[in-house]
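Colleague: Based on the sequences and whatever the hints tell you, model everything.
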Amino acid sequence: MSELVHPFHRFIRPSVTHTTFCPGCGDGIVAQSILRAIDGLGMDLDDFVFVSGIGCAAWIPSPFFNADVLHTTHGRPIAFAFGIKMGLPEKKVMVVSGDGDLVAIGGNHLIQNARRNVEMVVICINNGIYGMTGGQAAPTTPMGIRTTTTPYGTVENTFNISRLVIAAGASFVACWTTFHPRQLTSSIEKAIQKKGFAFIEVFSQCPIQFGRKTGVGSAVQMMEDYKKRSISPKEAAKLSEEELRGKIVVGELVDIEKPEMLEEVKRMKNKAKGGSE
Amino acid sequence: MNEKRVLTGRYFMMGNVACAEGAIAAGCEFTAGYPITPATEIANRLAERLPQVGGGFFQMEDEISAIAAVIGASWAGRKAMTVTSGPGISLMLENIGFAVGVETPCVIVNVQRGAPTTGMPTVGVQGDMVQARRGSHGDYEIIALCPSSPQEMFDHTVIAFNYAETYRTPVFILSDAFVGHMREEVIIPEPEKIRTVYRKIPESGTDPQKIRGFLDEDVAPMPIFGKGFKAHVTSSCHDEYGKRNLIDISALDKFIRKLSNKILKHKEEITIVERDYEGAEIVLVSYGAVARAAATAASQARKEGIPVGTLRLITVWPFPGEEIEKMARKAKQVIVLENNLGQIYPYIKAEAAHFAEVSFLPPRLVGEIQDPEDILRKIREVSK
Numbered sequence: 004m005s006e007l008v009h010p011f012h013r014f015i016r017p018s019v020t021h022t023t024f025c026p027g028c029g030d031g032i033v034a035q036s037i038l039r040a041i042d043g044l045g046m047d048l049d050d051f052v053f054v055s056g057i058g059c060a061a062w063i064p065s066p067f068f069n070a071d072v073l074h075t076t077h078g079r080p081i082a083f084a085f086g087i088k089m090g091l092p093e094k095k096v097m098v099v100s101g102d103g104d105l106v107a108i109g110g111n112h113l114i115q116n117a118r119r120n121v122e123m124v125v126i127c128i129n130n131g132i133y134g135m136t137g138g139q140a141a142p143t144t145p146m147g148i149r150t151t152t153t154p155y156g157t158v159e160n161t162f163n164i165s166r167l168v169i170a171a172g173a174s175f176v177a178c179w180t181t182f183h184p185r186q187l188t189s190s191i192e193k194a195i196q197k198k199g200f201a202f203i204e205v206f207s208q209c210p211i212q213f214g215r216k217t218g219v220g221s222a223v224q225m226m227e228d229y230k231k232r233s234i235s236p237k238e239a240a241k242l243s244e245e246e247l248r249g250k251i252v253v254g255e256l257v258d259i260e261k262p263e264m265l266e267e268v269k270r271m272k273n274k275a276k277g278g279s280e
Numbered sequence: 198m199n200e201k202r203v204l205t206g207r208y209f210m211m212g213n214v215a216c217a218e219g220a221i222a223a224g225c226e227f228t229a230g231y232p233i234t235p236a237t238e239i240a241n242r243l244a245e246r247l248p249q250v251g252g253g254f255f256q257m258e259d260e261i262s263a264i265a266a267v268i269g270a271s272w273a274g275r276k277a278m279t280v281t282s283g284p285g286i287s288l289m290l291e292n293i294g295f296a297v298g299v300e301t302p303c304v305i306v307n308v309q310r311g312a313p314t315t316g317m318p319t320v321g322v323q324g325d326m327v328q329a330r331r332g333s334h335g336d337y338e339i340i341a342l343c344p345s346s347p348q349e350m351f352d353h354t355v356i357a358f359n360y361a362e363t364y365r366t367p368v369f370i371l372s373d374a375f376v377g378h379m380r381e382e383v384i385i386p387e388p389e390k391i392r393t394v395y396r397k398i399p400e401s402g403t404d405p406q407k408i409r410g411f412l413d414e415d416v417a418p419m420p421i422f423g424k425g426f427k428a429h430v431t432s433s434c435h436d437e438y439g440k441r442n443l444i445d446i447s448a449l450d451k452f453i454r455k456l457s458n459k460i461l462k463h464k465e466e467i468t469i470v471e472r473d474y475e476g477a478e479i480v481l482v483s484y485g486a487v488a489r490a491a492a493t494a495a496s497q498a499r500k501e502g503i504p505v506g507t508l509r510l511i512t513v514w515p516f517p518g519e520e521i522e523k524m525a526r527k528a529k530q531v532i533v534l535e536n537n538l539g540q541i542y543p544y545i546k547a548e549a550a551h552f553a554e555v556s557f558l559p560p561r562l563v564g565e566i567q568d569p570e571d572i573l574r575k576i577r578e579v580s581k
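Quick mapping for you: the protein sequence lines, in order, are chains G and Z. Residue 75 in our numbering sits at position 72 of the first sequence; the count goes up by one each step and never skips. Residue 511 in our numbering sits at position 314 of the second sequence; the count goes up by one each step and never skips.
These aren't lab readings, by the way, just hints derived from the structure by calculation. Incorrect hints may have been included.
[To be verified] Heads up, simulated SDA-like pairs for lysine to any residue below, C-alpha to C-alpha not over 20 Å straight-line:
hint, chain 1, residue 1, chain 2, residue 2
1, G, Lys230, G, Lys250
2, G, Lys94, Z, Gly425
3, Z, Lys424, G, Arg16
4, G, Lys193, G, Lys269
5, Z, Lys440, G, Phe24
6, Z, Lys527, Z, Gly502
7, G, Lys94, Z, Gly274
8, Z, Lys462, Z, Val416
9, G, Lys269, Z, Ala244
10, G, Lys276, Z, Gly425
11, Z, Lys440, G, Lys250
[As the list claims (entries may be wrong)] Partner residues are not named here, just some residues of chain Z that face chain G (Cβ under 10 Å, in silico):
hint, residue
12, Gly251
13, Gly294
14, Pro420
15, Lys424
Glycine residues also receive a C-beta, built at the ideal position from the N, C-alpha and C atoms.
Modeller: Right under this line is the structure:
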């Protein structure tokens with residue numbers, strides 16, 4: 004009898020024997036969506052360089068993906084990815100990391116590279132908490148929620164990450180939750196093909212450090228909660244800011260054409276060499 | 198327009214400009230930085246010249262991203278460099294440790310300025326000497342070179358790239374505002390007379406699972422990206438295959454020691470010093486801009502009949518302790534000169550004090566290079 008092998012097993016680094024994600028974690032859904040998108044486009048992992056930062060989500064490509072992977076310092080994966088892309092413009096560069104990494108400590112690199120519109124895919128897994136360190140509040144933790152560093156409830160307003168990246172000038176922005184793996188996969192396919200900074204925010208459950216401690220519940224309950232709170236951009240347009248509170252606007256929010264930095268760099272080099280622009 | 202990589206010729210050139218030309222001559226393709234006095238002329242020159250030869254200077258949002266991008270570009274297979282001053286280094290330190298940990302060749306130029314903190318930007322001091330050695334957390338070794346002239350800003354930048362590529366490690370150029378802004382004759386040799394090195398990489402087609410790309414004291418081949426090596430590069434404790442290990446203390450011990458030994462084992466090849474102390478009883482030990490004053494004072498003293506010699510450290514890190522001992526065994530008095538309150542002095546004293554009297558002479562004002570007259574006075578005092 005032949006052994007039953009998952010169709011994406013070929014994408015997994017041979018030395019990997021087990022997952023480090025907690026039971027119920029949403030990272031597995033996101034990992035599979037990424038691999039499905041790559042497979043769907045008929046691409047190979049050797050077409051990519053993956054970059055991640057610090058935190059649970061950063062462990063999706065590192066070590067699982069059998070590809071070139073740079074696992075960087077906290078908050079800085081996009082800055083490392085910039086150098087990789089400039090050095091290997093023909094490769095697809097994909098950053099996979101969490102909200103704390105990309106938006107809190109690394110927020111400046113996120114908005115600056117969205118502004119530059121450098122071609123790369125950034126997948127930001129937003130679990131609204133610092134999972135790896137034991138459930139501390141993040142800039143994405145809903146106001147009032149009790150966490151290990153906010154035992155009396157968070158007192159800060161939260162980031163709307165997708166809006167932030169749209170405002171910074173990214174040419175592709177989509178937002179989904181782990182309740183929407185098919186839509187997410189389709190958006191990742193588009194993001195990979197996008198000539199520009201392509202950003203995808205994925206709301207993803209952390210049942211251990213978020214669900215259990217805040218009382219939101221199990222992984223399934225958290226995903227059901229995502230389903231309940233998700234609305235389309237069309238529906239969202241009819242609501243006031245107050246009515247939008249707690250809602251997740253899911254969909255492809257931005258998909259525009261604008262000058263991409265690598266193309267501009269190529270032009271600049273031609274100019275420097277005395278050639279035509 | 199000048200599409201030539203090496204601008205062979207004789208120039209009256211600023212140190213910072215010579216540094217940029219040295220990088221280009223060494224084959225540097227990617228540079229990133231953030232504007233900071235007194236290093237800006239390097240960035241400006243790179244921004245103008247690198248695109249002409251197919252490379253680029255990228256102005257980042259801060260120094261943290263500058264060094265990150267440099268490390269990324271290096272893993273993409275490019276020779277890469279960043280240029281800054283002390284405040285920029287302070288921001289870069291975490292990622293400099295990262296570069297050490299995952300064995301990334303890159304060059305970091307620190308044109309030192311009046312410090313601590315924002316200090317006095319246009320004044321040269323040697324205030325970041327130990328920061329370069331110990332700034333990032335944990336035990337590690339680093340390579341640092343100290344140029345004394347615009348010519349050496351060119352020459353040492355080439356050497357820094359060669360060391361970085363040979364030993365797969367960040368290499369510092371520890372210059373300062375005096376040397377960076379100094380204008381002197383700079384001779385740029387013919388391209389074929391400039392020795393350049395590129396890192397070893399695994400043979401193409403090697404089974405990725407069999408690539409031992411890390412933690413070899415004789416420097417592992419670098420599994421650069423884009424070649425199908427499927428490199429897993431993590432700065433967390435890992436083995437020679439790059440595989441992360443966060444539970445076994447013996448793996449951590451190996452991780453720390455192998456990285457350090459990779460530099461220390463090759464210390465002799467890395468060490469460059471200038472010895473001029475044959476028959477001297479008093480030896481002036483210095484580096485960088487200060488060495489110019491030391492040489493003037495020594496030659497003056499010799500005219501007065503006092504047997505004074507000099508030892509100039511070009512490689513400051515890894516610390517050339519053996520060179521200090523060799524010198525101290527022959528000397529009676531060792532005078533250490535630095536443009537700071539004594540950063541390398543304790544290291545020198547530790548090696549020399551067993552054999553000779555060791556003293557320290559700071560400049561009258563930190564930020565001034567020692568007046569040769571002051572050095573002479575000190576020489577006369579210790580020669581009594």
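Colleague: All the hints need checking, so say for each whether the structure fits it.
Modeller: Each hint, compared with the structure:
1. With a C-alpha separation of about 10 Å, the suggested pairing of Lys230 of chain G with Lys250 of chain G holds against the 20 Å cut-off.
2. Between Lys94 of chain G and Gly425 of chain Z the CA atoms are separated by roughly 11 Å; this keeps the pair inside 20 Å, and the hint holds.
3. Restraint check for Lys424 of chain Z and Arg16 of chain G: satisfied, since their Cα atoms lie roughly 16 Å apart, inside the 20 Å limit.
4. Annotation: proposed proximity of Lys193 of chain G to Lys269 of chain G is violated, straight-line Cα distance about 24 Å (limit 20 Å).
5. Distance restraint check for Lys440 of chain Z and Phe24 of chain G: the Cα-Cα separation of roughly 18 Å lies within the 20 Å cut-off, and the hinted pair is therefore satisfied.
6. For a cut-off of 20 Å, the pair hint linking Lys527 of chain Z to Gly502 of chain Z stands: about 18 Å separates their Cα positions.
7. At roughly 13 Å between alpha-carbon atoms, Lys94 of chain G and Gly274 of chain Z fall within 20 Å of each other, so this suggested pair holds.
8. For the proposed pair Lys462 of chain Z and Val416 of chain Z, the alpha carbon gap of about 10 Å is at most 20 Å, so the pair holds.
9. As the CA atoms of Lys269 of chain G and Ala244 of chain Z are separated by approximately 14 Å, the hinted pair is consistent with the 20 Å bound.
10. The suggested pairing of Lys276 of chain G with Gly425 of chain Z is violated, with an alpha-carbon distance near 32 Å, which exceeds 20 Å.
11. Annotation: proposed proximity of Lys440 of chain Z to Lys250 of chain G is violated, straight-line Cα distance about 41 Å (limit 20 Å).
12. At its closest, the beta carbon of Gly251 of chain Z sits 6 Å from a beta carbon of chain G; the interface hint therefore holds under the 10 Å criterion.
13. Checking Gly294 of chain Z against chain G by beta carbon gives a least distance of about 8 Å; that is within 10 Å, so the hint holds.
14. Residue-level restraint check for Pro420 of chain Z holds (minimum Cβ-Cβ distance to chain G is 8 Å; threshold 10 Å).
15. Interface hint status for Lys424 of chain Z: upheld, as the beta-carbon distance to the closest one in chain G is roughly 8 Å, under 10 Å.
Comparing the model with each numbered hint stated earlier shows that hints 4, 10, 11 do not hold.
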